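So the sequences go chain by chain: U and E. One point on numbering: in the working numbering, the residue at position 542 of the first sequence is 622, and numbering is uninterrupted. One point on numbering: in the working numbering, the residue at position 103 of the second sequence is 232, and numbering is uninterrupted.
One or more hints might be untrue.
As a list, the in silico SDA-like pairs of lysine to any residue whose alpha-carbon atoms are at most 20 Å apart [stated by the list, open to error]:
1) U:Lys-344 with U:Thr-215
2) E:Lys-287 with U:Asp-90
3) U:Lys-605 with E:His-171
4) U:Lys-455 with E:Arg-214
5) U:Lys-438 with U:Leu-622
6) U:Lys-314 with E:Leu-183
7) U:Lys-344 with U:Asp-225
8) E:Lys-287 with U:Ser-87
9) U:Lys-605 with E:Phe-170
10) U:Lys-428 with E:Arg-214
11) U:Lys-180 with U:Gln-198
12) U:Lys-428 with U:Gly-390
Examples of chain E residues toward chain U, derived with CB under 10 Å [stated by the list, open to error]:
13) Met-130
14) His-171
15) Gln-178
16) Arg-186
17) Arg-264
Please keep in mind that the hints were generated in silico from the structure rather than gathered at the bench. In this text the structure is predicted, and so the values were computed from the model without any measurement. The beta-carbon is built from N, C-alpha and C at its ideal position, and this holds for glycine as well.
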Amino acid sequence: MMNHNASLEDWLESLGAALRARPRLTGRVMDRVRESAADGSTAGLPTRTRHFTIRGHRRLVAASGGAVAMIGVAMLIAITLFPSQSAGWPEVTKAIQSQKWIRGTATFGTMWLAPERQIWAFSLNGSHYFNDGRTKAKYEYRVGDKAITKLPLGEDNAQRILPLDALSQDTSAIGPWLFGTEKIIEQKRREITEAGKTWIEFQMVLWRGEMNHVTLRVDPATRLPIYLLQTSPKDKTKSSMWEFDYPTDGPADIYALGVPKEVKIDDRMPPDNVQRVIDAMAASRARIGNFRLIVGQSASYSSSVVYRKGNRWRIDSWRPQVAIDSMPEASKEQDWGQWFEEQLQLSKSMPFYVCDGKSVWENRSFQPGEEPRWKLSQHTAPQDLMSGEGLGSLPSGPNVKIASLLFPDLSPKRGWGFEFDLEPADAPGFVLLKRSAQTTRPDGALGHEWFFVDPAKGYAVVRAELFTLPPDTPSEPAASQVRQTISMEDFHESPQGFWYPTVVHNTSHFAANNSRGQGAIQPLKTMVRYHFDFDADLPDSLFTIDDRQLPNK
Amino acid sequence: MASDAQLVTRVRLGDVEAFGQLAERYERSLLAIALAKLRNFHEAEDVVQATLLLAFRRLETLRDEGKFGPWLIQIAQCQVVEAARARQIPVSLSWEDSSHRTADEGNCQAWIENEYLLGLVARLPDHERVLVGLRYFDGHSMAEIATISTRPIGTVTKQLSRAISRLRSWCSTEIS
């Protein structure tokens, strides 16, 4: 069992190096600790969010709007994103759309939305943000910035601006793309009478933030929102109110929000040909359609079956009777699918997630065959399965997000460096997109991500290299002792034109340095197999949960 | 570098960020404890996060500030048991029994060996496990460990040496 050639100390050193190669968790823990310290809460345990976290790779410091932006986002969501099937909401949507400008005012900022012009802008505590849906660009000027950063809108932000279009077509439910990163985990509509006047209120719970309970009050006469109230479920004294009015004019650009005229714009927009690649990847991802997908991973006894029908989806977990390592070779793809189907017949499965189109439910019962116990997920939202964020995994659901693994949203983002090579010398025929950001390591190391994209396969990522290097080091995967290579093989095209591999190999390299400076690279290899069925029968019952299994029943 | 006791005191006085230093100090040791039983990085990392948050929330119950490490390990062990129970893994699972392996980090021999070693470290007494974790998993020097634990460096060296001997002896016995 033991490596007889190494001393016990070397062995421990090597194991320690592998552990230290994992992403640090303290940053995430401290977010929760600070929250806990701020509200004095003693309830609840941390949930894990894996977006933008790369396995075997330091967590990248991706700058985002953070809490400040979230306030504006929450308000925008409330204005625009309620499902049209809620009684009265189509009228509210129509009323909102008829306005040139909607202005929200709070003590700490102002927000603007122009449905037709597709502008969403806000100023909060001295920072200014201007999102332009028509030019697909966003401008940011935060406190302390020397220049305005101009970036592509990206999928999340674009979707925040455009949902009114979707609602005007009376789409039947919340699209997976509607909420960006600010997720709604619960929503209700009610009518309330105060002093003889009746109001409509839309109430929702956002997935994070202290003041994550949001109420939007609408005047039934004009169908227009009056105010939006954010409250903390844990501390009744904390709240913020946005009041709405509907002026005829609004800001034409970010300078109109208050940025000094002399501040220059740092244009980080990708060239048109690169933007076309990014757009093509998003379009390819959207072509996946409905499916049943079996995901089997080597060295694992639990596998997944994923079902998707429109904006509803479900993930079942099951354990085959024999090790997945014994599954047929990659060249016998058909055999492997057959093998897996046979295993499924012999195994007990249990539902893990069910998304009914509006919310995601998690099964809290962990015993196959036991009655499910459903709970609203606190960290997974309806759009998560199909979004371009992350690299293949959902919290607790490894490798099921193949759409994001193949077609990630690689739009340039604040805090990230980007490079594009449309004709890489060492990978002819492919397109290479590189991005990098500073990691949380004390030495300021940079985390690099290289994506080799194949235009002949709908711009699918066919290989990804994730690696960490000290700053000012020429970026080259082989130069890094901590790196991960993901390669996709055996591509097929679905009837809808969605390209997908049946095998994904994942190789992680860890530096096994010991205290005496000796070292060796240790690779860890896993293989994941995917078996799609695009013609599978997908009864609605798959995406509904039994009321009797709800927590309060 | 501040000792554990100093950092605990700072946290109790309201310096929340001091807890970050404590968390960083023990993060990998906790990961090793969780991995020894759960054999799955994702679940083990969940346990580490749960352990640290719980430790922060219950810090007032720690009687001896100097015993933060062993106290943290006890919390981690409880969290591991809870996670294993939730997943229906026998908590007494030993390294020889691979029928419940769910590790998703590869099946190479190297990692199987690592799991074996983690299992051995898990059998050490708490105070020795803290030292092994700090030294090898969290990568602290002997001088740093002495500061962290407010013990003379000679004592730390002796105790660590005893722990290594114990591990080596278990290894030889089991391999033979």
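Verification of the supplied hints:
Using a Cα cut-off of 20 Å, the hinted pair U:Lys-344 and U:Thr-215 holds, with the two alpha carbons roughly 19 Å apart. This hinted pair checks out: E:Lys-287 and U:Asp-90 have alpha carbons roughly 19 Å apart, not beyond 20 Å. The hinted pair formed by U:Lys-605 and E:His-171 meets the criterion: a straight-line CA distance of about 16 Å does not exceed 20 Å. At roughly 19 Å between alpha-carbon atoms, U:Lys-455 and E:Arg-214 fall within 20 Å of each other, so this suggested pair holds.
Between U:Lys-438 and U:Leu-622 the CA atoms are separated by roughly 15 Å; this keeps the pair inside 20 Å, and the hint holds. Simply put, U:Lys-314 and E:Leu-183 have alpha-carbon atoms about 18 Å apart, close enough for the 20 Å limit, and the pair holds. Pair hint U:Lys-344 plus U:Asp-225 holds up; C-alpha atoms about 11 Å apart against a cutoff of 20 Å. For the hint linking E:Lys-287 to U:Ser-87, the alpha-carbon distance of about 18 Å falls within 20 Å, and the restraint holds.
A threshold of 20 Å between alpha carbons decides the hint, and for U:Lys-605 with E:Phe-170 the separation of about 14 Å falls inside it, so the pair holds. In summary, the hint linking U:Lys-428 to E:Arg-214 is supported, as the alpha carbons are separated by about 19 Å, within the 20 Å threshold. Between U:Lys-180 and U:Gln-198 the CA atoms are separated by roughly 10 Å; this keeps the pair inside 20 Å, and the hint holds. Between U:Lys-428 and U:Gly-390 the CA atoms are separated by roughly 26 Å; this puts the pair beyond 20 Å, and the hint is violated.
About 14 Å separates the beta-carbon of E:Met-130 from the nearest beta-carbon of chain U, more than 10 Å, and the hint is not met. Interface hint status for E:His-171: upheld, as the beta-carbon distance to the closest one in chain U is roughly 7 Å, under 10 Å. The interface hint given for E:Gln-178 holds, since its Cβ lies 4 Å from the closest Cβ of chain U, which is under the 10 Å cut-off. Hint status for E:Arg-186: holds, given a least beta-carbon distance of 5 Å to chain U, under 10 Å.
Here the hint on E:Arg-264 is kept, as its CB sits about 8 Å from the closest CB of chain U, short of 10 Å.
The structure fails to meet hints 12 and 13 from the earlier list, while all remaining hints are met.
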